[in-house]
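The task is simple: from the sequences and hints, build the whole structure.
Residue numbers (the working numbering), protein chains in the order written: chain C, 1 to 124; chain Z, 1001 to 1124; chain U, 2001 to 2124; chain Y, 3001 to 3124.
Hints in this document: simulated from the structure, not taken from any laboratory. As the structure is a prediction and not an experimental result, all values here were calculated from the model. We put the beta carbon where it would ideally sit given N, CA and C, even for glycine. Among these hints, one or two may not hold up.
Short, incomplete list of chain C residues facing chain Z, as computed with Cβ under 10 Å [unchecked claim]:
1. A5
2. R12
3. R34
4. S45
5. I98
With a straight-line cut-off of 25 Å between C-alpha atoms, the simulated PhoX-like cross-links for lysine-lysine are [stated by the list, open to error]:
6. K3101(Y) to K3123(Y)
7. K3113(Y) to K2017(U)
8. K2017(U) to K3101(Y)
9. K2101(U) to K3017(Y)
10. K1113(Z) to K113(C)
11. K3101(Y) to K2007(U)
Protein chains: 4
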Amino acid sequence: MTNEAQKKDSIRALQAKIHAFVEARDWRQFHSPRNLSAAIAVEASEILEHFRWTTDAQSWEIRDDAERLREVAHEMADVCILTMELAHNLEIDLGGAIEEKLAINEDRYPVEKSRGSSAKYDKL
Amino acid sequence: MTNEAQKKDSIRALQAKIHAFVEARDWRQFHSPRNLSAAIAVEASEILEHFRWTTDAQSWEIRDDAERLREVAHEMADVCILTMELAHNLEIDLGGAIEEKLAINEDRYPVEKSRGSSAKYDKL
Amino acid sequence: MTNEAQKKDSIRALQAKIHAFVEARDWRQFHSPRNLSAAIAVEASEILEHFRWTTDAQSWEIRDDAERLREVAHEMADVCILTMELAHNLEIDLGGAIEEKLAINEDRYPVEKSRGSSAKYDKL
Amino acid sequence: MTNEAQKKDSIRALQAKIHAFVEARDWRQFHSPRNLSAAIAVEASEILEHFRWTTDAQSWEIRDDAERLREVAHEMADVCILTMELAHNLEIDLGGAIEEKLAINEDRYPVEKSRGSSAKYDKL
Chain C
1 MTNEAQKKDS
11 IRALQAKIHA
21 FVEARDWRQF
31 HSPRNLSAAI
41 AVEASEILEH
51 FRWTTDAQSW
61 EIRDDAERLR
71 EVAHEMADVC
81 ILTMELAHNL
91 EIDLGGAIEE
101 KLAINEDRYP
111 VEKSRGSSAK
121 YDKL
Chain Z
1001 MTNEAQKKDS
1011 IRALQAKIHA
1021 FVEARDWRQF
1031 HSPRNLSAAI
1041 AVEASEILEH
1051 FRWTTDAQSW
1061 EIRDDAERLR
1071 EVAHEMADVC
1081 ILTMELAHNL
1091 EIDLGGAIEE
1101 KLAINEDRYP
1111 VEKSRGSSAK
1121 YDKL
Chain U
2001 MTNEAQKKDS
2011 IRALQAKIHA
2021 FVEARDWRQF
2031 HSPRNLSAAI
2041 AVEASEILEH
2051 FRWTTDAQSW
2061 EIRDDAERLR
2071 EVAHEMADVC
2081 ILTMELAHNL
2091 EIDLGGAIEE
2101 KLAINEDRYP
2111 VEKSRGSSAK
2121 YDKL
Chain Y
3001 MTNEAQKKDS
3011 IRALQAKIHA
3021 FVEARDWRQF
3031 HSPRNLSAAI
3041 AVEASEILEH
3051 FRWTTDAQSW
3061 EIRDDAERLR
3071 EVAHEMADVC
3081 ILTMELAHNL
3091 EIDLGGAIEE
3101 KLAINEDRYP
3111 VEKSRGSSAK
3121 YDKL
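Next comes the structure, spelled out in structure tokens:
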């Protein structure tokens, strides 16, 4: 990867860029955990809005529609930007939390029990 | 950063780990864009659940409660895991989309117009 | 309908009962439009949680599972209770707003254009 | 109340009107529990969108802005329309479920324990 590509791939580098954007506009005052969590929920629903009336099969067709795919990519970016900013403000190591949650999921969903099943861990 | 720390910080490395987890359980069949977008919305609301009745000031107090902070960190991890997996399945470059959306926001919210204001760009 | 059944069917009678519950606990202080709207979003996601990994066909099977059907009915009740309370607090005539929105939808979705289509009105 | 006002206040009368609208457009095919629950979550977030960056106090100011109040009333109507339609399709008595949930809440939140507190019942 080039240096530029590496920065786009780094959670910490993106968080620094997001937070500089926030600081430059004096938006820190609006970025309480409560406000950010409301904003994350709103943006997450904007992803869902694209798929609410489709079947599973139809939802894959978005890959053939470059304009809508870009819209969805930007909604997904919004969810990540706000979640990264919330992690920054709460001094949560987001990459570490993701690794930790994956390890918990490894325990909750052993391969032999969960293969091919969408059941929640407490129903396995 | 150590090599281990660098992997936790890399979106692509996390996506590869997440998708290996999914493949091992044959869960790809459940991970249509539609299902993943519903799951992202559910997990985003689980972050919000922690703050729905608090004031802005109270929502910061979670920093003093290690157990609840860890719960919130894990809900945030869930949102990221599902969004990263959706990006993977739609072949969206998530880090690139975040950079792209930040550039759009730079245009929509010029510093001089948006400083200290929470107004949406179309109301500035 | 008996008098009792009529009360359960009346939006205003339910709103009065809900608001008496709130007043008795001195919860009015927590019921700002902002808090109630966050709570409505959280409860709406709890309905969705039951169906996030199901196909359309599977989602109908909940009718055969009395316990889960009752859980979903209670999540739906929560959404209505909070929305009715928000309408009460903002002095919105909720039944009137529903009639008004249905009339708007009649205009936006003429039968001949929208029959059998899930397209949004601006794409018809 | 006039006969007309009584119909706007009746859950069953509204449900009949909503379902006639759906049938006329042959939309029953899109109204699986899964699709409706996704749509309810999306509409609930559209209420929240109005308040995501406001303080509690500011969120009350919407009462002074007739146009935005009407927008919020219509988002609330959407949430109710979809929830009423879901109840209809699952043959859930929605008014009865609301009464039932209020009775459960009476038990979970005794006045003397919950007065002035926003704590969840399992933390009282």
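For each hint, the structure was consulted:
1. A5: holds (8 Å)
2. R12: Holds: closest Cβ of chain Z sits about 5 Å from R12(C), inside 10 Å.
3. R34: holds (4 Å)
4. S45: Check passed: Cβ of S45(C) comes within 5 Å of chain Z, closer than 10 Å.
5. I98: With a closest approach of 5 Å, the I98(C) hint holds.
6. K3101(Y) to K3123(Y): Between K3101(Y) and K3123(Y) the Cα gap is close to 19 Å, so the pair holds against 25 Å.
7. K3113(Y) to K2017(U): Status holds; Cα separation ~20 Å.
8. K2017(U) to K3101(Y): holds (12 Å)
9. K2101(U) to K3017(Y): Between K2101(U) and K3017(Y) the Cα gap is close to 12 Å, so the pair holds against 25 Å.
10. K1113(Z) to K113(C): Violated - the C-alpha atoms of K113(C) and K1113(Z) are around 56 Å apart, more than 25 Å.
11. K3101(Y) to K2007(U): holds (15 Å)
The structure does not agree with numbered hint 10 stated previously, though it agrees with all others.
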